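S.K.: Here are the chains, one letter per residue:
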Amino acid sequence: MKRTRFAKTVASLTLCLAIGAGLLVSPSVDAAPSAQEVMEKAAETRMVDGSEAVVKMSIISEKGQVRERTLALATKIYDGGKTEKRVYRFTSPPDVNGTGVLVYDYDAKDDDIWVYLPALRKTRRIVSSQRSKSFMGSEFSYADVNAPTLSDFNYKFVKEEAAGGEPCWVVEVTPKDDKVAKDEGYAKKLYWVSKATYAIRKGEFYDLDGKLLKELNSKNIQLLDPKKKRYRTMYMEMVNKQNGRKSVFESEKAALSTNLQDDLFTTRYLERP
Amino acid sequence: MKTQSALAKFVIRYPWPIVAFFVVLTAFFAMQLPKAELDTDMKSQLPADLPTRLDLERIEELFGGTDMAMLVVEADDVLAAKTLERVRVFSEKMQRIDEFDRVVSVFTAKDLRGEDGEMIVESAIPRIPETDERREALREQLAKNPLVLGNLISKDYKYTVLIGFLSLEAEDEVLLDKLNTLILQTPGDEQVFVGGMPLTRVSLTKDMRKDMRRFLPIGLVIMIVFLLACFRQALGVVLPFVMTVMAIIVSMGLVPVLGWKIHTVTILLPVILLAVANDYGIHLMARYQEDNVPGLKRTSAEIVDRGIAELTRPVLATGMTTVVGMLCMLSHVIIPAKQLGWLAAWGVGFAMVGSLVFLPAILVLLPPAKPIATPTENAARPSASIIDRLLTVMAKAVPRRPKTILLACVAVCLTVGVGAFKVVVDTNPMSFYRETEPVWRSTHVLNEHLGGWAGVSVVFEGDIKDPKVLQRIDDLEQHLRKHPLVGTTTSIASVMREMNRVMNDGDPAFHRIPETRDLVAQYLLLYSMSGDADDFEKLVDFPYEHAHLMVKVTDSGTKAATEVLDYTRAYLAQHGEGAQPMLGGLLDVMAEMVGYIVWGQIWSIALSVVLVGALVGVFMRSVVAAAIAMFPLALALLMIFGIMGLFGIELNLITALLSSIMIGVGVDYTIHFLWRYRDERRNGLTPELAVHRTLVTTGRGIVFNGLSVVVGFVVLIVSTFFPVQFFGLLVAISILACLAGALVVLPAIVLVFRPKFLEP
Chain A
1 MKRTRFAKTV
11 ASLTLCLAIG
21 AGLLVSPSVD
31 AAPSAQEVME
41 KAAETRMVDG
51 SEAVVKMSII
61 SEKGQVRERT
71 LALATKIYDG
81 GKTEKRVYRF
91 TSPPDVNGTG
101 VLVYDYDAKD
111 DDIWVYLPAL
121 RKTRRIVSSQ
131 RSKSFMGSEF
141 SYADVNAPTL
151 SDFNYKFVKE
161 EAAGGEPCWV
171 VEVTPKDDKV
181 AKDEGYAKKL
191 YWVSKATYAI
201 RKGEFYDLDG
211 KLLKELNSKN
221 IQLLDPKKKR
231 YRTMYMEMVN
241 KQNGRKSVFE
251 SEKAALSTNL
261 QDDLFTTRYL
271 ERP
Chain B
1 MKTQSALAKF
11 VIRYPWPIVA
21 FFVVLTAFFA
31 MQLPKAELDT
41 DMKSQLPADL
51 PTRLDLERIE
61 ELFGGTDMAM
71 LVVEADDVLA
81 AKTLERVRVF
91 SEKMQRIDEF
101 DRVVSVFTAK
111 DLRGEDGEMI
121 VESAIPRIPE
131 TDERREALRE
141 QLAKNPLVLG
151 NLISKDYKYT
161 VLIGFLSLEA
171 EDEVLLDKLN
181 TLILQTPGDE
191 QVFVGGMPLT
201 RVSLTKDMRK
211 DMRRFLPIGL
221 VIMIVFLLAC
231 FRQALGVVLP
241 FVMTVMAIIV
251 SMGLVPVLGW
261 KIHTVTILLP
271 VILLAVANDY
281 GIHLMARYQE
291 DNVPGLKRTS
301 AEIVDRGIAE
311 LTRPVLATGM
321 TTVVGMLCML
331 SHVIIPAKQL
341 GWLAAWGVGF
351 AMVGSLVFLP
361 AILVLLPPAK
371 PIATPTENAA
381 RPSASIIDRL
391 LTVMAKAVPR
401 RPKTILLACV
411 AVCLTVGVGA
421 FKVVVDTNPM
431 SFYRETEPVW
441 RSTHVLNEHL
451 GGWAGVSVVF
461 EGDIKDPKVL
471 QRIDDLEQHL
481 RKHPLVGTTT
491 SIASVMREMN
501 RVMNDGDPAF
511 HRIPETRDLV
521 AQYLLLYSMS
531 GDADDFEKLV
541 DFPYEHAHLM
551 VKVTDSGTKA
561 ATEVLDYTRA
571 YLAQHGEGAQ
581 PMLGGLLDVM
591 AEMVGYIVWG
601 QIWSIALSVV
611 LVGALVGVFM
621 RSVVAAAIAM
631 FPLALALLMI
641 FGIMGLFGIE
651 LNLITALLSS
661 IMIGVGVDYT
671 IHFLWRYRDE
681 RRNGLTPELA
691 VHRTLVTTGR
701 GIVFNGLSVV
711 VGFVVLIVST
721 FFPVQFFGLL
731 VAISILACLA
741 GALVVLPAIV
751 LVFRPKFLEP
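Quick mapping for you: the protein sequence lines, in order, are chains A and B.
Using the numbering used here, you'd call the opening residue of the first sequence number 1 and step up by one each time.
Using the numbering used here, you'd call the opening residue of the second sequence number 1 and step up by one each time.
In the BS3-like style, the derived pairs of lysine-lysine whose C-alpha atoms are separated by at most 30 angstroms in a straight line are:
1. A/219 / A/195
2. B/178 / A/211
3. B/93 / A/211
Calculated from the structure, these hints are not laboratory results.
From a predicted model like this one, the values you see are computed outputs, not experimental measurements.
My request is simple: use the sequences and hints to build the entire structure.
M.R.: As structure tokens, this is what we get:
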């Protein structure tokens with residue numbers, strides 16, 4: 001008994017010393033946020049009041065065949081950040097040119113989605129109870145491209161490691177329960193978050209059996225809104241480690257546009273040639 | 001010792017080295033046996049350049065695996081919450097089995113609807129209904145979903161199926177183990193079956209292996225009993241028995257030596273050898289007993305000397321005809337059937353040489369056995385066996401009315417032979433099983449209620465987004481749906497029809513292929529946004545250059561598969577312009593393989609009739625001899641195919657291959673008869689007396705020989721497979737027919753026509 005207590009005391013003392021030493025070395029004490037805070041910050045720095053961009057999506061098969069689509073995209077924040085409205089218009093390949101998608105992404109309820117097909121000359125509201133696993137047939141899933149509900153997960157620092165040439169925190173994100181895990185399809189995710197910009201530089205996604213499924217790498221992170229310190233990742237590459245397929249999302253142009261007209265985010269606009 | 005032949009001299013001088021050589025040789029092959037591997041893969045049995053195999057490989061290259069394993073769940077109402085919950089767990093866990101590329105179930109299926117300017121994409125079962133009202137509402141909704149009813153759920157809601165597409169690397173047995181574990185780990189009241197082609201393959205192989213393990217011991221025991229009854233002497237049992245066992249070891253041991261594997265077909269080898277390999281030993285022992293007469297006090301060497309002198313030529317002749325008969329199987333296209341030909345020929349050849357060298361060497365080393373009375377001149381003693389008495393009766397009857405006997409036999413055979421026209425060529429794995437077997441049950445349910453057990457593929461090439469190409473696919477699909485043997489069909493064309501209807505507010509008038517290429521492209525894009533792009537993985541390739549029409553067949557026989565394939569080909573030939581679609585799939589491969597085996601076997605029999613006949617002609621130095629020797633065989637063949645036709649036994653993989661034994665073995669009896677008859681005529685007997693003497697002496701060996709083959713086949717009655725049991729009986733009958741041919745028809749012919757080659 002006695003010996004144990006003694007040992008414990010020694011241990012905590014050593015720990016104190018170690019932390020103390022750490023504090024001495026570290027330049028600023030309050031710059032070390034928690035793992036969850038890092039992920040919150042990472043989500044926040046991606047939130048732009050309004051933007052315009054041209055995105056090229058390349059979906060590459062395991063045989064190296066490429067399917068390319070280009071779309072123009074505009075976003076705008078409403079209700080103080082509770083709703084984001086997005087409008088996409090495909091410009092290539094020619095057979096889908098003019099196809100438009102309008103999304104009202106609500107914080108608290110299911111998204112509203114409308115699609116306009118020029119060959120049909122009709123707009124249809126899409127009511128989908130299920131989020132398909134893949135985003136437009138790419139290796140990105142909806143869960144990968146959309147901001148997840150942060151409170152559904154547990155966060156833990158794993159290590160610090162450079163990624164994309166920047167020092168990063170490596171955060172392990174695990175779902176709090178089975179339902180979240182199954183909905184998302186991952187047992188675990190690892191994110192490499194830049195200490196400087198809070199941009200996600202690298203990601204690893206593990207399937208429900210715990211095997212590495214996909215790897216994300218990003219490049220060319222641009223400061224879109226210097227005032228609010230908001231960033232946009234211009235190049236994202238997702239490689240499926242299990243089937244060898246790859247998808248690349250590359251923003252060709254991206255700009256902060258805070259005063260986009262509300263008219264842009266309507267079905268009427270979708271149908272305009 | 002004045003009759004000594006070179007062979008006899010050799011055997012009598014070096015008995016020990018000969019025995020040692022044969023023992024060491026057998027031991028060598030016995031040691032190879034554990035190295036023999038089983039191979040159940042269907043594709044590897046086909047030559048690499050076979051069209052169906054190439055087609056299948058091309059399809060797999062484009063769309064991945066097309067082979068399906070199913071889980072069938074049976075309940076009073078599959079929509080009951082408990083049942084659905086179990087199915088949901090199955091569905092989830094199946095998707096995590098590595099051997100599957102893709103899993104389709106009521107929980108992966110979608111419900112696509114269009115109304116009031118909306119396109120609604122939901123899970124076919126959005127949530128498991130807990131109340132009666134909700135369950136009935138779900139039932140109503142499912143009834144409208146063409147993807148589900150009659151496809152994933154039976155129309156009476158008693159069955160539901162989960163379909164897994166096998167990845168190309170998947171191994172059948174590993175997969176089935178996982179599925180069976182999954183069923184055990186997810187307990188419930190519902191009956192759950194595994195089904196589909198992988199199960200059929202594994203069941204067939206497992207049961208064949210089981211059969212082989214059962215055949216051999218039982219077959220050997222039956223043989224011992226039979227030999228004991230024939231020879232009433234330990235020596236007569238042991239020697240032919242040992243020879244047979246050695247032949248089986250040596251030929252099975254050759255499989256790994258040549259780097260081959262044991263295929264489904266190879267399993268017939270022990271059965272063939274069990275029936276054939278003891279023949280030469282039996283003749284040797286019959287001769288031994290005949291020469292080992294009580295009064296003469298001959299030494300072992302003297303008896304062996306006489307035996308070898310008398311038997312070398314007939315044994316070589318009969319052995320060689322059997323070997324040639326077996327080698328005719330080399331004309332097969334299917335690799336394992338070819339291999340079976342080599343292996344059986346090698347085993348028979350070994351038994352033949354062994355019976356002339358190894359067995360006599362043993363006899364030389366042993367003191368003469370106690371003589372056993374055999375009927376020769378003064379037949380029909382009270383002690384004589386039934387066989388001996390029967391032979392004596394025949395020996396008296398045949399010379400009296402040869403013409404009547406001949407005509408009667410021909411008449412009977414021709415009458416029965418008419419049935420041969422009714423023989424159906426079909427290999428249906430399910431006909432091998434009784435209705436209580438799980439594999440039969442699952443296949444039956446799949447075919448009856450869930451749109452089929454296995455598939456055929458049609459691959460279209462071109463710009464798949466082009467409405468003209470889609471229309472072509474759709475036309476064929478609609479045409480195929482009219483065929484009674486076609487169950488579920490799936491294609492990108494039917495998906496596009498459905499999308500078109502949904503996007504036009506569900507108006508049935510729009511249930512057709514979209515009119516423009518752009519609209520097709522936009523529907524595809526839309527589906528990739530709201531549905532699962534993976535849904536099309538099996539239907540269209542990545543660059544939209546090939547489309548895959550999957551057609552499930554609702555009958556597990558090769559005849560049905562061929563019928564559907566022919567129906568498709570006929571349509572394509574009529575409606576084809578430009579590049580022709582490619583037809584293929586596992587069912588196609590199976591049908592072609594079985595077709596090759598069955599028809600190959602018919603050719604092989606025809607070939608062996610010619611070659612074996614020619615061989616007899618050479619031995620007897622007479623063309624007439626060839627014709628006469630083959631005549632009783634032709635009658636026997638007519639009998640066997642006639643009976644098959646009359647009793648509705650299909651000519652399938654197994655029955656066709658087993659019939660290969662007929663010619664090589666059947667001709668032996670004729671050769672033995674002709675040989676002895678000629679000898680007796682040369683010894684100065686009249687034709688009538690020569691027939692009589694041949695029947696009571698050599699006739700005995702012939703009957704023993706024939707009965708040993710019959711006994712060998714009687715073993716098949718313990719088979720797991722129903723038709724195999726029946727076929728065992730059938731071969732037994734046909735060998736009896738061959739016997740009758742040699743002992744009744746042939747003597748009658750000889751007496752009626754007095755062919756020159758038999759005259760002194």
